[in-house]
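Colleague: All chains should be modelled from the sequences, with the hints used to inform the complete structure.
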Amino acid sequence: MRRTIAAFHPTLLALCYLLPAAAHAQPAYFQQEVNYRIEVSLDDRGHFLRGRADITYHNHAPEALDGLYFHLWPNAYRDNNTAFAHQQLRTGSTRFYFADAGSRGFIDSLAFQADGQPVSWAPDTENPDICWLPLARPLEPGDSVTISTPFRVKLPIVFSRLGHEGQAYQITQWYPKPAVYDREGWHPMPYLDMGEFYSEFGNYDVSITLPGNYVVAATGVLQTESERLFLEKRIAESTEQLDTVTQGVRRELFPPSSERLKTIRYTAENVHDFAWFADKRFLVQKEEVLMPSGRMVEAWAFFSKREQHLWKEASTYVGRALSFYSGLVGEYPYPHATAVQAALSAGGGMEYPMITNISLAGDARSLDEVITHEVGHNWFYGILGSNERVHAWMDEGINSYYDHRYSSTYYNGPEFSYLPEFMMAGTELDIFELAYLYQARRHLNQAPDTPSDELSEINYFLGAYELPARALRYLEQYLGTAPFDAAMQAYYRKWQFRHPQPDDFRAHIEATVGKPLPWLFEGILFSNKKQDYAVTGIRREGDSLMVVVRNKGNIAGPFTVSAMAGAEVAQESWVEGFEGEKTIALPAGPYTEVVLDRERATFDLYRKNNTIRLSGILKKVEPLQLHFFAGVENYSRSTIYWSPLLSWNNYDKLMPGLLLYNRIMPERRLEWALAPFYSTNGQALAGLGDIHYNFYPRGDDVQRIVLGFNARSFHYRRYAAAGELLRYTRWQPYLRINFAKPAASNIYKSLQVRGLWVSLQEPAFAADGGFLGKKRRTQFLQEASFFVENRSVLNPSALKVSLEHQQHENISLHDGRYIKASLEWNQAITYERGRNIDIRFFAGAFLYNTGREAGYIEPWAFSLIGQGYNDYRFDDYYLGRSDSDGLWLQQVNIREGGLKNVIGSGFTLGRSNNFIIAANFKAALPRKVLGKLPVKPYFDIGYFDNAMPTGKSDTFSSQLLWSGGLMLSFGNETAAVYFPLVNSKNIQDRYVERGNYWKRVAFSVNLQKLDPWRAVERLEF
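Numbering (the numbering used here), first residue to last: 364 to 1384.
These aren't lab readings, by the way, just hints derived from the structure by calculation.
Note that CB positions come from ideal geometry on N, CA and C, so glycine has one too.
Please note: incorrect hints may appear among the correct ones.
Unchecked claim - Quick list of the computed label-pair ranges, beta carbon to beta carbon: (1) 658 to 591: 54 to 64 angstroms; (2) 1008 to 1202: 34 to 44 angstroms; (3) 1202 to 547: 23 to 33 angstroms; (4) 1041 to 844: 25 to 35 angstroms; (5) 1139 to 449: 52 to 62 angstroms; (6) 609 to 1033: 16 to 26 angstroms; (7) 1202 to 1345: 13 to 23 angstroms; (8) 611 to 1342: 16 to 26 angstroms; (9) 610 to 979: 11 to 21 angstroms; (10) 1313 to 1177: 13 to 23 angstroms; (11) 653 to 586: 17 to 27 angstroms; (12) 784 to 1345: 44 to 54 angstroms; (13) 626 to 1151: 18 to 28 angstroms; (14) 786 to 417: 54 to 64 angstroms.
As the list claims (entries may be wrong) - BS3-like, lysine-lysine: derived pairs with alpha carbons at most 27 angstroms apart: (15) 643 to 668; (16) 643 to 625; (17) 1163 to 1016; (18) 596 to 675; (19) 1104 to 892; (20) 893 to 945; (21) 915 to 878; (22) 675 to 643; (23) 1112 to 1372; (24) 1163 to 893; (25) 1016 to 1104; (26) 945 to 971; (27) 971 to 982; (28) 1138 to 1016; (29) 971 to 893; (30) 1362 to 1348; (31) 857 to 1104; (32) 625 to 915; (33) 1016 to 1372; (34) 971 to 983; (35) 892 to 878; (36) 982 to 893; (37) 1016 to 643; (38) 892 to 915; (39) 1372 to 1315; (40) 857 to 878.
Modeller: Have a look at this one:
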């Protein structure tokens, strides 16, 4: 196999980049230094830390500083008004929001002094975990100041990183800490769960006082000899115990705390944080690892019995990770690396200098890979101290690239088995590619170089971790492994113990490899642009094979062109990226097909256009494949998915059917689904289908435009006198516009315009009343609806405003016309975790209606009660749409007025040719009342204006309906049963006519909530 990459002279290239850089140079690099001396004690009864910090701040900036920003990150857990609390709600968690005060945390008892003089400090007006310390005199370049303060920290339960689980303590982000000041200025930042940190390098001297039987793991080198002996004894005891361990212990009690206190001291040099963990139950293991220089480094593991059968190998995993990164990146400079098994809510692991916190892993491989990733952060974050909050990809992404190489070395590649095997069968996509395409095809992906708090959850996973990791793999494959490794090792040597920024990384990589890489930086890392090359043609010209390739995306990245002879690669070369179209010449040969990007190094959006065969009629069309039920895209096949179906209504009776569709994950531009059924009662076909095309404009205002058409046809009525079934057929063309929004926002806006054509079979009669057969009545209406939805986990809401128009033939065969407007508002009030009071309001009025004062209720009249007979749009699914009695009459749908009463088509109660207004209330009862029973009280009230001539004498009370009772709901109200207990007189009168109580009980079935495609479409993180 031949591999070719166009070469550039590195010296010339470096000059080309250095000259313009000099013209637009940033301020000269400088770096502050912060040294700490901290004394702290642990109160394990009240869960408090009490301590004192002396912090010496050295100003190496070229300008004087008139004050210092400090972080007070324990205050993130103080109340619901912090950035952490807001982010928890945005990402869907109410655990902290509803936590009691005793479970929360804070830092207080602060009394800052600067060189012994009191400082009048002020908290930030928006973030209580940031404060400003003005200095009595400016801190000049080259000078230093010592900031001293006592402090007290109330430790929260583990909501994120800092905290305790019983008497197991994770002491992280716990002390007053200066913000970074660099050539870009100050970087004060509130604590966040999704979003990490940026701190100054320095030295730490930390003394910890706590009960004597606690086992402590910490950043730095232990200086207390008695504690060294204590740990050596613990290692021996642990080793003996672990020799026979084969499983974990589900529950392990805390032993009583010793009355004797101990003080242990740690020192650490050239680090930018200090964390420690304490637990009386810790088992301990230690190994020594030989570094390339011949130096020995200790690899420690501290863990409880919960997953002891896995953790007994953890020190080996730590040591192996140290060796792996030291060999590929650069030698580990610190004296030890430690992994600690402890509670953690912020992901599977969290890194600190020399030490990492690992949560429950589940299996040995997962534990090894998480430990490796977190140990790797000692290089990418610990030693190369980038700004994790603003440029998360510089530590998470680069580190993920290396942990993927580790997995490829020891486990045959990263494991991404998060979907059922039957869905992944036949696809080469892993979960990262699937997640990326799921976002990118919908134009919801974000640039990796986006501040953490502006990323959606899935884009944080993609942009901070996987996308930059794959981008570096792409670069490695393009450059070759040896040149890539040399460039990264040089980057490590140049920037260790410093604060590299993205521009620094780019300048170094481009200068080292000797070529510009705009496709990597502007294309992949700094934007959300898309990559999509397509083979558009192929022809032979003499001894060459001419392959025509078009760049349909907006990243001009390099890619490989492979000429295949069956399953063998006959010829392969790299092609530099380009815009537009290019013809690539290959030497002719006995090839069967040509493939772009065979090893999937690029971020190609649609790989189905990457292959062309040299023979056959449809050279670019993949072979057809039928796949049962569901799956993930297989770009080497044209797949149709199928599944048997069963349906039922009271007219068609049992309907066996078949679902055929091409809709999958990730989204396609053209999507369709067809579900034909056979009506066993009507002995005829029935069914439904949908086809639509997804457009993605390149502007900033619209995220997606969907142009589609759907149809369905079933029987809806039985004319018993003639034994005839009557059919409805509905066609609906539609246009839906989803407006763009900030990725971190939970506010969704859309506009839908649809035309609705409904054809109804009805009985035809002669003048003498004799049945003549069936006739058709048609209606065609147009509707525009605007939707606003707040999908917040706390107090979610939704608003729908609609305008509908129809020209029609009325009951007198005269032309009629109406314009009706409606507003529906839904508001949930979250009063307890997972418990809401739901309020719904509806108002509808005819702006124009030729039948407003008709002597009958028109089919499109507003209705306080949604039943089958008044669903003139045929939007909902009813089991007995036209039944006048029996169980199926009791089905209701929550639309328009939303009342849940069984009235029947023979009454005009609750229906209006003019306007209605209604409100609906329901409440999930507190867990302590009913536990998990799905019982909710409900109450509905509505007013309808009876504009018919017969309604002129109606009173307000006769047009006011109200009803309340208890409902049983199932599957997030996919189905519900309503038991009325109190009713207005007009409803009660109808109920008396209906007879026994059970004929008053209504039920609803919302099949739209079972639509898997609707669920996938709404799936955003």
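Colleague: Can you give the numbers of the hints that this structure goes against, from lowest to highest?
Modeller: Per hint list: 1, 3, 4, 6, 8, 9, 13, 17, 24, 25, 31, 32, 37 and 39 violated.
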